[in-house]
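A.B. asks: These are the residues of each chain, in order.
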Amino acid sequence: MQPSISQIRFLGKPRIIGLMTFALFLLCTSWQSRAQDTPLLSGGGGFFTNTTGGNTNYQFVIEPLLAAPVGKHFLIESRAYLDESYSPKGDGQSGYSGTGFIALTYLQGSYFLSPHVTVTGGSFLLPFNTYNDRLSPIWISNFQDGPLISSLGTLSTGTGLGGMLAGSAVSKPKYSIDYKAWFSARSGNEQFDTQRSAGARASLYLPEKRLEVGLSYDKQLQGVREHFYGAHAWWEPANTAFRLRSEFARGFHAQGYWIEADYRTQAFGGLNSWIGRFEPLFRIQQSFRRDTIASDGLPLVNTQRADFGLDYNLLHSTRIITSYSRQFASTGDENIWETGIVYRFLFPAWKAR
Amino acid sequence: MKFAAPLLSVLLVLAAATTATGQTKTKQQSPPSKPSPPVHAVNPDRGQQVFKQNCSRCHNAPEGFGPSISGTIAMHMRVRANLSKDDYTALLRFLNP
Chain L
1 MQPSISQIRF LGKPRIIGLM TFALFLLCTS WQSRAQDTPL LSGGGGFFTN
51 TTGGNTNYQF VIEPLLAAPV GKHFLIESRA YLDESYSPKG DGQSGYSGTG
101 FIALTYLQGS YFLSPHVTVT GGSFLLPFNT YNDRLSPIWI SNFQDGPLIS
151 SLGTLSTGTG LGGMLAGSAV SKPKYSIDYK AWFSARSGNE QFDTQRSAGA
201 RASLYLPEKR LEVGLSYDKQ LQGVREHFYG AHAWWEPANT AFRLRSEFAR
251 GFHAQGYWIE ADYRTQAFGG LNSWIGRFEP LFRIQQSFRR DTIASDGLPL
301 VNTQRADFGL DYNLLHSTRI ITSYSRQFAS TGDENIWETG IVYRFLFPAW
351 KAR
Chain U
354 MKFAAPLLSV LLVLAAATTA TGQTKTKQQS PPSKPSPPVH AVNPDRGQQV
404 FKQNCSRCHN APEGFGPSIS GTIAMHMRVR ANLSKDDYTA LLRFLNP
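Protein sequence lines, in the order shown, are assigned to chains L and U. Numbering of the first sequence is given in my numbering, commencing with residue 1 and proceeding in unit increments. Numbering of the second sequence is given in my numbering, commencing with residue 354 and proceeding in unit increments.
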């Protein structure tokens, strides 16, 4: 797991504010929970190792999520990222050096304005393509590392500070269309560091085909005022545990794509048999630099990478994730070995009334 | 710590709003509540479809959560997966029949 995932922002000095925020939200929302609407704490905790070019890094991560309804129409939601990383000191020195940080990933309030419109305000994950707002949590990602292009279109921090309209425009048995459109202000606040930007995503989903295709666009409204274009396609054939996901993204200075497939067999006693819990994975990805100006987080030279993974879904929401990757670039090829174990938790924040 | 004061102010306002919402809700509890739309009765499998087509496309189903948080989970998924109100209601009934 690389700590430089786009949506993570460092709190640095006022770490305690992040913890205070969580604690106070728990208090603030405790008064009127209904029978089904008790605030919940969810998220994941994990231990990861990453060996790149012979250097190994060890990481302990906790990524808690708090969701707290306020009445029937308003939901407060926040996610944080707590990390401790250790790596050998090197240069002949014994022992390990460690770093740690706490980051507030997002903090948003969503109001259900109508059956097809939800208004979100605060700090929210930018819905450019699908990785940032759907797949980035540690208990969801199949691989420890995000795709090479995950920083394209997500404007450095992966979050916006402003407002977003979202919802299901059409929901029919044969197809559905959903949308998200946002505006983000510029903020240099240490906790909510965002860029002025605007963007949108629209997706078409065909339930019978289990196929989703979508387009994303956003524009940075400060500095170089860069445009970003994205497209995604997901396919999960019915009655199988096969999933194919892909994304393409293009900016002024770089572009790239990734395609990921994963599969769990049901042939030997179903998904919960010991064989069915294995989940082989494969991801191919390429990034291309269109010029030498690096305004994004992509590699500085054209890069190709193949990821081979094997995850195992243990009982009690625990998952072992392993992968080997071979990365090819003109600056040098390298092998990347990663292992980890992730536990996903979900429980009420307190006892329901 | 220069952001602590505004942050606390926001949280205090939120707490006040939350309390006010709770009081309003208490007042509104006296008349009989309207029955929910009969989504589940029309199509009992709809909630399961919504779950399969939205939630489990990204993640495995969490194991063994209690009914006390089923509404919160459904609201969370309404936000995350852009569910319409009907799909949200169907999902809620699937999670807490």
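It is worth saying that the hints were derived from the structure and are not from the lab. Since the model is a prediction, treat every value here as computed from it, not as a measurement. Don't take each hint at face value.
To be verified - Only pairs whose alpha carbons sit at most 30 angstroms apart, straight line, appear in this in silico DSS-like list of lysine-lysine:
1. L/Lys72 x L/Lys351
2. U/Lys405 x L/Lys219
3. L/Lys172 x U/Lys438
4. L/Lys209 x U/Lys405
5. U/Lys438 x L/Lys89
6. L/Lys89 x U/Lys405
7. U/Lys438 x L/Lys72
8. L/Lys174 x U/Lys405
9. U/Lys438 x U/Lys405
10. U/Lys438 x L/Lys351
11. L/Lys172 x L/Lys209
12. U/Lys405 x L/Lys172
13. L/Lys209 x L/Lys174
14. U/Lys405 x L/Lys351
15. L/Lys172 x L/Lys72
Claimed, not checked - Rough simulated footprint, nothing fancy, chain U against chain L, three-plus residues with beta-carbon under 8 angstroms:
16. 89-102
17. 116-127
18. 156-170
19. 341-349
Positions of the beta carbon are idealized from the N, C-alpha and C atoms, including for glycine.
A.B. asks: Compare the structure with each hint and give your call.
C.D. replies: Status of the hints after comparison with the structure:
Between L/Lys72 and L/Lys351, the direct Cα distance comes to roughly 19 angstroms. Compliance with the 30 angstroms bound is thereby established for this hinted pair. Of the pairs offered as hints, the one joining U/Lys405 and L/Lys219 is violated, with about 33 angstroms between alpha carbons and a cut-off of 30 angstroms exceeded. Taking the CA atoms of L/Lys172 and U/Lys438, the gap is about 13 angstroms. The hint holds against a cut of 30 angstroms. About 13 angstroms separates the Cα atoms of L/Lys209 and U/Lys405, which keeps this hinted pair within 30 angstroms; it holds.
Between the alpha carbons of U/Lys438 and L/Lys89 the distance comes to roughly 54 angstroms, so the proposed pair goes past 30 angstroms and is violated. A C-alpha spacing of about 47 angstroms is found between L/Lys89 and U/Lys405, which places the hinted pair above 30 angstroms, so the restraint is violated. Of the supplied pair hints, the one linking U/Lys438 and L/Lys72 holds, its CA atoms being roughly 12 angstroms apart against a limit of 30 angstroms. For the suggested pair L/Lys174 and U/Lys405, the alpha carbons sit about 15 angstroms apart, so the restraint of at most 30 angstroms is met.
Proximity of U/Lys438 to U/Lys405 is assessed by CA-CA distance (about 17 angstroms); at most 30 angstroms being required, the pair is judged to hold. At most 30 angstroms may separate the alpha-carbon atoms for a hinted pair to count; U/Lys438 and L/Lys351 meet this at roughly 27 angstroms. A hinted pair counts as satisfied when its Cα atoms are at most 30 angstroms apart, and L/Lys172 with L/Lys209 qualifies at roughly 14 angstroms. For the proposed pair U/Lys405 and L/Lys172, the alpha carbon gap of about 16 angstroms is at most 30 angstroms, so the pair holds.
In summary, the hint linking L/Lys209 to L/Lys174 is supported, as the alpha carbons are separated by about 9 angstroms, within the 30 angstroms threshold. For the suggested pair U/Lys405 and L/Lys351, the alpha carbons sit about 29 angstroms apart, so the restraint of at most 30 angstroms is met. A distance of roughly 25 angstroms separates the Cα atoms of L/Lys172 and L/Lys72; the hinted pair therefore holds under the 30 angstroms criterion. Coverage of the stretch 89-102 of chain L by chain U is violated in this model, with 0 residues showing a Cβ closer than 8 angstroms to a Cβ of that chain against a need of three.
Counting residues of the stretch 116-127 of chain L whose C-beta sits closer than 8 angstroms to any C-beta of chain U gives 3, which meets the bar of three, so the coverage hint holds. Counting residues of the stretch 156-170 of chain L whose beta carbon lies closer than 8 angstroms to any beta carbon of chain U gives 3, which reaches the threshold of three, so the coverage claim holds. Counting residues of the stretch 341-349 of chain L whose CB falls under 8 angstroms from any CB of chain U gives 4; the rule of at least 3 is met.
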